[in-house]
Each structure stands twice: as structure tokens, then as C-alpha cells.
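Q: For the protein sequence lines, the chains are E and Y, in the order given. So for the first sequence, this note's numbering puts the first residue at 1; every next one is plus one. So for the second sequence, this note's numbering puts the first residue at 1; every next one is plus one.
It is possible that part of the hints are untrue.
What the hints assert, rightly or not - Listed below are several chain Y residues computed to face chain E (Cβ distance under 10 Å; list not exhaustive):
| no. | residue |
| --- | --- |
| 1 | Leu-12 |
| 2 | Ile-14 |
| 3 | Tyr-15 |
| 4 | Ser-24 |
| 5 | Ile-32 |
| 6 | Ala-53 |
| 7 | Phe-55 |
What the hints assert, rightly or not - Derived Cβ-Cβ restraints for the label pairs, each shown as a range:
| no. | chain 1 | residue 1 | chain 2 | residue 2 | range |
| --- | --- | --- | --- | --- | --- |
| 8 | Y | Ala-115 | E | Thr-33 | 41 to 49 Å |
| 9 | E | Ser-56 | Y | Ser-9 | 37 to 45 Å |
| 10 | E | Leu-115 | Y | Asp-100 | 42 to 50 Å |
| 11 | Y | Thr-50 | E | Leu-115 | 27 to 35 Å |
| 12 | E | Leu-16 | Y | Pro-10 | 26 to 34 Å |
| 13 | Y | Gln-13 | E | Leu-119 | 16 to 24 Å |
| 14 | E | His-34 | Y | Ser-24 | 52 to 60 Å |
| 15 | Y | Val-90 | E | Thr-33 | 12 to 20 Å |
In case anyone wonders, no lab produced these hints; they're calculated from the structure. Note that this is a predicted model, so its numbers are computed, not measured. We put the CB at the ideal spot given by N, CA and C, even for glycine.
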Amino acid sequence: MTPVACKTTGDKQMSLKTPLGQVRGLGSARSGTHHWWMQRVTAVALVPLTLWFIYSMVGHAGAGHGEMARWLASPFNAIMMVLLIGATFHHLQLGLQVVVEDYIHSEAAKVAVMLVVKLASVALAVAAVFAVLKVAFTA
Amino acid sequence: MTTENRPLSPHLQIYRWQWTMAYSILHRATGIALGVGTLLLVWWLVALATGPAAFESAQAVIGSFLGRLFLFGWTFALFYHLANGIRHLVWDTGHGFDLDVAQKTGHAVPIAAGALTLLTWILGYFAI
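Chain Y on its own, in the form it takes in the complex:
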């Protein structure tokens, strides 16, 4: 089977950058980041099951400055992927494909994710 003559999709450098494209790339990037984040969730749960000492050391790492920084990033990634995932589910019903609508709902995703991330962390600090 000859496959050399098939048309190729242009590379990223050739496309003119658009908001919807950036939001789409960020959806995949946040998905991968969240995949890495599951390692932390599993470690945390296993530490909880192992006992108080293991749990305290896990909490110490997670509660450190770097741990909180990563957790903050994962909070944003989670809300971004959640909000944009809902946008995808709406698309699956056949709605929201008009260019201006797709761009507007796209802008709404990082704004909502940012606001929810801040709200979550403000509430988290009040809960302590």
C-alpha cells in the first residue's frame, strides 16, 4: 500500500494561532498533567492506608511550599479540564460550533477555571 502521496496535516508552525486552538492544546496538556497528578493521589491514599507515620510524611511533602505550588497548578488543571470537558460534551450534542460561540465558550473556560481555583484555595485556607 502506497501512503507517501497522502495529504499531510500542516504543522503547528504553519497554522495561524487562534484562541480555540490554544484552548484545545491546553485541554490535552491539562489532561496529561492530571495523569501525573494521579500518582500523588495514589501515594496519598496508600500512605493513609499504611498508617499515621507514612501519612504524616506524605502530608509534609504535600504541605510544603513546592507541594502547595504543584497542588495549586493541579487544581487549575482539574477545573480547566472539567470546564472544557463540559464544553466538549455540549459539542457532542451538536451545539456551540459557530466560530464566535466556540471562541466565547473557550474564553469562559480559563476564566471559570481561574476563579474556581482561587475560590477553592481561599476556602481551603479558611477550613484549616
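Bound conformation, chain E alone:
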């Protein structure tokens, strides 16, 4: 990373960087506002996706395999489900990361649980997306 260009003249600090540019890459994790911002981006995405999911599940309560598979095979539903899975697991691992950071103080345990959270989130998301695609392309 290039150092912040700033020139001190008297007590006035001059920088060509914007306030956001100055904090990017800072913080103990060297990621600046990225975690916070991605949590908001995924949260906004999850509002319509969640409402669509609940609406769809209510409409198919108790449906059999054939009906459910046909429903998921429609391009719109398959795409929405993949988006829901992506946003959900991204949001989930960001949220659980903060919970782990807040409550687990032993460094070894923290790293171990963080690994489980991150790896399990990716694995579950991949499994879910694969399942959706398999149904979408074969049903």
C-alpha cells in the first residue's frame, strides 16, 4: 500500500485523500470499513430475498418432491435461491466472526473457531448452490 500523501504545514494537515480513502486498510485487521460495509450490503440484499423465500415456502408448505423440484427448476426461482444462499452465508460468516471476536479470548480457540465458521460457511454455501443447480438442470 502506498503511504498517505500528506504534507504538514504548521498545524494544518493537507491530504489529497478523501476521509474514506484515509481509513481504508486501517484497523487491527487492516481491512478498514470493509467488514462493516459488506455486512450492510448483504443485509440490504437479504431484505427482498428473505421475503421472497418466506412467501415461496408458505406457498409450497407440505409440497412433494416433484412439485418442489419443478418450482426450483424455474430460472427465476433457481437464481433467487442461489442469490439467497450467497447473501445468507456471506452475512452469516461476517456476523459469527464478530460473535467469536467478542466472546472467545484465547487466541488458539479463537483461530480454531474462526476457521470452522469460515470454512463451514463456504462448504455449506457450495453444497446448497450445487443442490439448487442440480435440481435446476435435471428436474
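With the hints as your guide, set chain Y onto chain E.
A: Positioned in the frame of chain E, the structure of chain Y alone reads:
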């Protein structure tokens, strides 16, 4: 680096309980519950992709009394986290921080979540 003398945040037993605090704790609790709930969603989707037999056994577990009880709890957790999440997004714009407003919007969250949960389940039973 010496860190022993830093001020500590008081523990939960020291704070006087407030509604906004309870709603905040419940936001995190519902988030964790929903994380556990994703296991059910993945299992259900994989069962659907595996075939009719796997799907029927998944549906049998989910449709059992205990399965429905958990699903009911997850429905509430989802609506709570959704409603309170929207409250958080409004806070991010810099609005709604006055104590009385924060308390009122806080009360609205479990009421809305409860009402939407009941509505969802009533509609779900009509759909069958």
C-alpha cells in the same frame, strides 16, 4: 505493551436492564439461531437434489411436531432479525437514536415479528 490498566466495559450484571439492550441481545441471539437454521435449509436442498426418497424423509422430519416447533421458532427469529436489521439500517443513516424513539422502534420489532410469524403460519396452513 501494557494493557492491564485499560478501562473495562461493565459486565451484564452491572448494567441496569433496559429494553433496547434486551432487543440488541435478542438480535444477536436470533442471528446465531438462524445460522443453525441454515443447516436445515442446506439439508433440505441437498435432499431435494438427491431424490424423492431423501426428500420425503427430510419432509417427514421437518413436518413432525418437533420439526414444526423449531420451524416456528426460526420463523420468528427470521422476522425478528429482519425487522431489527431494518432498524439497524435506519440507524446507519443517522436517524432514530433519540432514547424514546429507539425504545419505541425496539418495541415495534417483537410485535411486528410476532404478528408476521402468526400470519405466515396461518397462511401456511391454508396453503396445504
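Q: Indicate, hint by hint, whether the structure satisfies it.
A: Consistency of the hints with the structure:
no.: 1; hint: Leu-12; result: violated, 12 Å
no.: 2; hint: Ile-14; result: violated, 17 Å
no.: 3; hint: Tyr-15; result: violated, 16 Å
no.: 4; hint: Ser-24; result: violated, 12 Å
no.: 5; hint: Ile-32; result: holds, 7 Å
no.: 6; hint: Ala-53; result: holds, 9 Å
no.: 7; hint: Phe-55; result: holds, 4 Å
no.: 8; hint: Ala-115(Y) to Thr-33(E): 41 to 49 Å; result: violated, 35 Å
no.: 9; hint: Ser-56(E) to Ser-9(Y): 37 to 45 Å; result: holds, 42 Å
no.: 10; hint: Leu-115(E) to Asp-100(Y): 42 to 50 Å; result: holds, 44 Å
no.: 11; hint: Thr-50(Y) to Leu-115(E): 27 to 35 Å; result: holds, 28 Å
no.: 12; hint: Leu-16(E) to Pro-10(Y): 26 to 34 Å; result: violated, 43 Å
no.: 13; hint: Gln-13(Y) to Leu-119(E): 16 to 24 Å; result: violated, 35 Å
no.: 14; hint: His-34(E) to Ser-24(Y): 52 to 60 Å; result: violated, 23 Å
no.: 15; hint: Val-90(Y) to Thr-33(E): 12 to 20 Å; result: holds, 19 Å
Checked against the numbered hints given earlier, this structure breaks hints 1, 2, 3, 4, 8, 12, 13 and 14; the rest are met.
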